Amino acid sequence: MFAYITRRLLLLPVLIFGVTVLIFALLSLLTPYERASLYVTDIPKRQGAIEGIIEKYGLNDPIYEQYYYWMVGRKDPDTGEIKGGVLRGDLGFSKVGKQPVSQVIGRKLPATVELALWAAIPMIGIGVWFGIMSAIHHNRPIDQALRVVSIAGWSIPTFVLGLLLLMVFYANLGWFGPERLSSWAVRAVQADDFTRYTQMNTVDAVLNLRPDIFLDALSHLVMPVITLAVVNWAFMLRVTRSSMLETLRQDYMTTARSKGLKERDVIRKHAVPNGLIPVVTVGGLVIIGLFNGVVITETVFNYPGMGSFLAQAAISLDVVSVLGVTLISSIILVFGNLIVDVLYGFIDPRVRLE
Amino acid sequence: MKKIMRRLLTNPTSLLGILLLLGFVLIAIFAPVIAPVPERSRDAYMIPRDGFSTTPQPPDEEHRFGTTEGQYDIFYGVVWGTRTAFRIGVVITIFTLSIGLVVGTISGFFMGWVDETLMRITEIFMAFPFLLAAITMSSVLQTVYGRAEAGPIVGIAKLLALVTFGHNPAEQVDPIQLQILTGMSAIIIFGWMTYARVIRGNILALRELEYVQAARAIGSSNLRIMTRHLLPNAIFPVLVIASMNIGAYVLIFAALSFLGLGAQRGYADWGQMINFARNWIPSLSTHWYIVVFPGVAIVLFVLAWNLVGDALRDILDPRLTGSRA
Chain A
195 MFAYITRRLL LLPVLIFGVT VLIFALLSLL TPYERASLYV TDIPKRQGAI
245 EGIIEKYGLN DPIYEQYYYW MVGRKDPDTG EIKGGVLRGD LGFSKVGKQP
295 VSQVIGRKLP ATVELALWAA IPMIGIGVWF GIMSAIHHNR PIDQALRVVS
345 IAGWSIPTFV LGLLLLMVFY ANLGWFGPER LSSWAVRAVQ ADDFTRYTQM
395 NTVDAVLNLR PDIFLDALSH LVMPVITLAV VNWAFMLRVT RSSMLETLRQ
445 DYMTTARSKG LKERDVIRKH AVPNGLIPVV TVGGLVIIGL FNGVVITETV
495 FNYPGMGSFL AQAAISLDVV SVLGVTLISS IILVFGNLIV DVLYGFIDPR
545 VRLE
Chain B
217 MKKIMRRLLT NPTSLLGILL LLGFVLIAIF APVIAPVPER SRDAYMIPRD
267 GFSTTPQPPD EEHRFGTTEG QYDIFYGVVW GTRTAFRIGV VITIFTLSIG
317 LVVGTISGFF MGWVDETLMR ITEIFMAFPF LLAAITMSSV LQTVYGRAEA
367 GPIVGIAKLL ALVTFGHNPA EQVDPIQLQI LTGMSAIIIF GWMTYARVIR
417 GNILALRELE YVQAARAIGS SNLRIMTRHL LPNAIFPVLV IASMNIGAYV
467 LIFAALSFLG LGAQRGYADW GQMINFARNW IPSLSTHWYI VVFPGVAIVL
517 FVLAWNLVGD ALRDILDPRL TGSRA
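Just so you know, the protein sequences line up as chains A and B, in that order.
Residue 195 is where the first sequence starts when you use our numbering, and the numbers rise one by one after that.
Residue 217 is where the second sequence starts when you use our numbering, and the numbers rise one by one after that.
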């Protein structure tokens, strides 16, 4: 276990280095002109200005030197100010967001985290429950029905489900709306007497004791949360089901039954706790995956998070923004996976990771 | 193999999947009969337009599924979109599988530092969230292809154009096709890693078996051992996984198209057709047909693959064989 964690930690810098190299390789497919927004916010229209910028920031230098500048930043020879530098948290300037990329991400990330956390509740809760039911009734009609329902959910493209929900609940019934808040609530959260502790509307509303804003934020989350949950149920069901099926075939299940325990207790006390161990890991991975899987959902519902920003930037071919978001998301994914893997070793004593 | 087929055909869910797939194959083959190509059409895959009005028109006798914004015929698009879906799914599978096979076989066969290097590279590619990576890659490729001279990268597009459309590599790639190829390359570049890892695992298990040692003892070359002895035995489970991924690839490509990074406006592609609906969200209750028809097509197509795939995975899962729980 210890050796495994050490190995993973030692490989972590290699992995992160590789990620940055790959991102930079994609950047270097751009022309120096297109890459200028790594360092400057506004390219002057003046004749010859762009050549000056390319010269100043070494955008025509050998590629490994440029990688170095990109990582640690490049000193402006005139003002002495350091510009760029991923390690300094400078990811360049976003043309779409009209702000430095890192600031845009900082502004949009809380919304995405909020959506992902809310979505995790029904997704994992109901998905796991489906999986348990499916395993207990293996190959009987309930199992077949639950599996077909989940596979159907899995087969629906996120945007089709999202548009259908919008059609019914927004266009027809008018119950829930797109975006993050109604316009009155937007004004309320921007007011001086409302403190933005976390930038997450539901959390901030609770902390500010504003039930009306909490409910408004929640009603805007309903449709994207349903969308994310439905398209991910199948995965949770599959994992839970196969792990439960394996547990149900263990000898200690027979022992429990032969002691005369009621079937209900056999399932509840012996099968479920053991069968759910792998689900913990997968649940963790799914939540991490959610941060990245929300691109389409956010776009459909016009929800202003990282995902919809990425989509917008990609369509506008604002590659500097796109690569910035991708870099951050990959780093989150790498660390998330590591944490989940290590936790798994602690939760399940049978696991001996080699 | 026979046993697997029998189980697939007796299981009601997988049987439904197979029947749906057959239906789609028939629609794809008979597309020119079901939705005839208008005489003056330059490219059969560009959906014919009936005027230029922006408001979508509901289904009537002439346009059985109605028209989208810009008067593209939805019925025509849904029918011809079947061909696009098969094409995209199959070609992406061929390419991801080939890359995975090469990387996995070399890695598993040579072990040591070759294996270590290749597996680290594989992990780096896996560190990117798939959909994000595909979106990123297509926006980068579109920027590059958008320039007058694209340099060596255009080679990727030409190879894909040859396999996908049978396009002559000596000629310029058709811009309509180029945009689809961009989306496809993006998915391929970030889609091969699972295959590489599975193949590597299988090869590692096989290479120590007696028959491989025997082949080595009689002096077979490395290449021969890899291609004649190891691959044929390691490939079957991967082929099954790969064939079932066609649905997933179509889904991901549809997502790219929906964002505007896949097929071009007006191309017979389901995701692209649904893209039109984004401008009509508040009035979707009257213009329901612009989402529902292409949407149902994608759902049924992907569902068919997933139904078969789900049953197949159950059949092939060794932990569940003989289970009566």
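In short, the hints are calculated from the structure, not lab data.
Since the structure is predicted, the reported quantities are computational estimates derived from the model, not experimental observations.
Among the hints, erroneous ones may be present.
Stated by the list, open to error - Going by beta-carbon spacing under 8 Å, a handful of chain B positions derived as facing chain A:
| id | residue |
| --- | --- |
| 1 | Gly282 |
| 2 | Gly286 |
| 3 | Val330 |
| 4 | Leu334 |
| 5 | Met335 |
| 6 | Arg336 |
| 7 | Glu339 |
| 8 | Ala343 |
| 9 | Pro345 |
| 10 | Ala349 |
| 11 | Ile351 |
| 12 | Val360 |
| 13 | Gly417 |
| 14 | Leu467 |
| 15 | Leu475 |
| 16 | Leu519 |
From the three backbone atoms N, C-alpha and C, an ideal C-beta is built for every residue, glycine too.
Hint check:
{"no.": "1", "hint": "Gly282", "result": "15 Å, violated"}
{"no.": "2", "hint": "Gly286", "result": "18 Å, violated"}
{"no.": "3", "hint": "Val330", "result": "16 Å, violated"}
{"no.": "4", "hint": "Leu334", "result": "12 Å, violated"}
{"no.": "5", "hint": "Met335", "result": "10 Å, violated"}
{"no.": "6", "hint": "Arg336", "result": "6 Å, holds"}
{"no.": "7", "hint": "Glu339", "result": "6 Å, holds"}
{"no.": "8", "hint": "Ala343", "result": "5 Å, holds"}
{"no.": "9", "hint": "Pro345", "result": "3 Å, holds"}
{"no.": "10", "hint": "Ala349", "result": "7 Å, holds"}
{"no.": "11", "hint": "Ile351", "result": "5 Å, holds"}
{"no.": "12", "hint": "Val360", "result": "5 Å, holds"}
{"no.": "13", "hint": "Gly417", "result": "14 Å, violated"}
{"no.": "14", "hint": "Leu467", "result": "6 Å, holds"}
{"no.": "15", "hint": "Leu475", "result": "5 Å, holds"}
{"no.": "16", "hint": "Leu519", "result": "4 Å, holds"}
In terms of the numbered hints stated before, the structure departs from hints 1, 2, 3, 4, 5 and 13, listed from lowest to highest.
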